[in-house]
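Peer 1: The primary structure of each chain is shown beneath.
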Amino acid sequence: AQKVTQAQTEISVVEKEDVTLDCVYETRDTTYYLFWYKQPPSGELVFLIRRNSFDEQNEISGRYSWNFQKSTSSFNFTITASQVVDSAVYFCALSEYGGTSYGKLTFGQGTILTVHP
Amino acid sequence: DAGVIQSPRHEVTEMGQEVTLRCKPISGHNSLFWYRQTMMRGLELLIYFNNNVPIDDSGMPEDRFSAKMPNASFSTLKIQPSEPRDSAVYFCASSLRGLEQYFGPGTRLTVT
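Residue numbers (my numbering), protein chains in the order written: chain L, 3 to 119; chain Y, 23 to 134.
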């Protein structure tokens, strides 16, 4: 069975600090997808990134960066120079690649990030 | 392009009433998912469809819940009869070939 663990329930930082959100996953699949979603106070769930298990390159998008390490089954998310608008709940998720359950996401419990001015 | 559309955005109903939530997925997407989110239980997958066919409904809490997808552009989630513990935000999401899911704005359901 698949499992995603976000050990940090809540994180509080002051604006301009860097913050890393941890995500550890378990799967027996050799090929899978990993995702991060953001849920701001307005409530909608916003897709941030998808990573294929066979592509371990890290990715940077503006102030956001993702560190995928297959050896440790981790897919961590770093926000550089955090801003108040980054305050949200962040979810890490996993899905299998192909198979009968393709597309079905296993979500972590989410990390509540609060950025104070 | 339009995203996932859900209606209504808010629904307040009395216990025992039938509630129908509606979802229009992104055009061209072949998978559709219904989720429920509460403070206590977090984000739960209720049911999902691939190519309009229900694949996994193991998350549907009780027989009071039912979902249909009569065509590629429309799905409904029905609760009959509704109960106060059904109060939650219900999300619909769609995806293409198992890739990232795009979520609708959600329907906030309150059952009094």
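Simulated from the structure, these hints should not be mistaken for laboratory data. Cβ atoms here follow ideal geometry from the backbone N, Cα and C, with glycine treated the same way. A portion of the hints provided could be inaccurate.
Negatives, chain Y to chain L, calculated, CB over 10 Å [to be verified]: (1) Ile-27; (2) Pro-30; (3) Lys-46; (4) Asn-72; (5) Pro-76; (6) Ala-89; (7) Ser-95; (8) Ala-115; (9) Ser-117; (10) Glu-122; (11) Gln-123; (12) Thr-134.
Derived EDC-like pairs (lysine to aspartate or glutamate); straight-line CA-CA distance at most 16 Å [said to hold, decoys possible]: (13) Lys-5(L) with Glu-84(Y); (14) Lys-72(L) with Glu-28(L); (15) Lys-40(L) with Glu-122(Y).
Covered stretches of chain L (in silico footprint by chain Y; criterion: 3 or more residues with CB under 8 Å from a CB of chain Y, positions within the stretch not fixed) [said to hold, decoys possible]: (16) 47 to 53; (17) 108 to 114.
Peer 1: Would you mind marking each hint as holding or not holding in the structure?
Peer 2: Comparing the hints with the structure gives:
Against chain L, the non-interface label of Ile-27(Y) holds: every CB pair exceeds 10 Å, the least being about 12 Å. Under the 10 Å C-beta cut-off, the non-interface status given to Pro-30(Y) relative to chain L holds; the minimum distance is some 14 Å. At the 10 Å boundary, the C-beta of Lys-46(Y) stays outside the reach of chain L, the nearest C-beta of that chain being 16 Å off. Residue placement check: Asn-72(Y) does not keep its beta carbon more than 10 Å from all beta carbons of chain L (closest about 7 Å).
Here Pro-76(Y) stays apart from chain L, with its beta-carbon at least about 12 Å from theirs, past the 10 Å limit. Here Ala-89(Y) stays apart from chain L, with its beta-carbon at least about 15 Å from theirs, past the 10 Å limit. For Ser-95(Y), the non-interface assignment is confirmed: its Cβ lies about 18 Å from the closest Cβ of chain L, beyond the 10 Å cut-off. Residue-level check failed: Ala-115(Y) sits 8 Å from the nearest beta carbon of chain L, not beyond 10 Å.
Against the 10 Å criterion, Ser-117(Y) falls within the reach of chain L, whose nearest CB is about 5 Å from its own CB. Not every C-beta of chain L lies more than 10 Å from that of Glu-122(Y), the closest at about 5 Å, which undercuts listing it as non-interface. Not every Cβ of chain L is farther than 10 Å from the Cβ of Gln-123(Y); the closest lies at roughly 6 Å, contradicting the non-interface assignment. Every C-beta of chain L lies more than 10 Å from that of Thr-134(Y), the closest at about 21 Å, which supports listing it as non-interface.
For the given pair, Lys-5(L) sits about 24 Å from Glu-84(Y) by alpha-carbon distance, which is inconsistent with the 16 Å threshold. A C-alpha spacing of about 11 Å is found between Lys-72(L) and Glu-28(L), which places the hinted pair at or below 16 Å, so the restraint holds. The straight-line distance between the Cα atoms of Lys-40(L) and Glu-122(Y) is roughly 13 Å, inside the 16 Å bound, and the hint therefore holds. Given a C-beta distance limit of less than 8 Å, the hint that chain Y covers the region 47 to 53 of chain L holds, as 4 residues qualify and 3 suffice.
Residue count for the region 108 to 114 of chain L with a Cβ under 8 Å from a Cβ of chain Y: 3. That meets the three needed, and the coverage hint holds.
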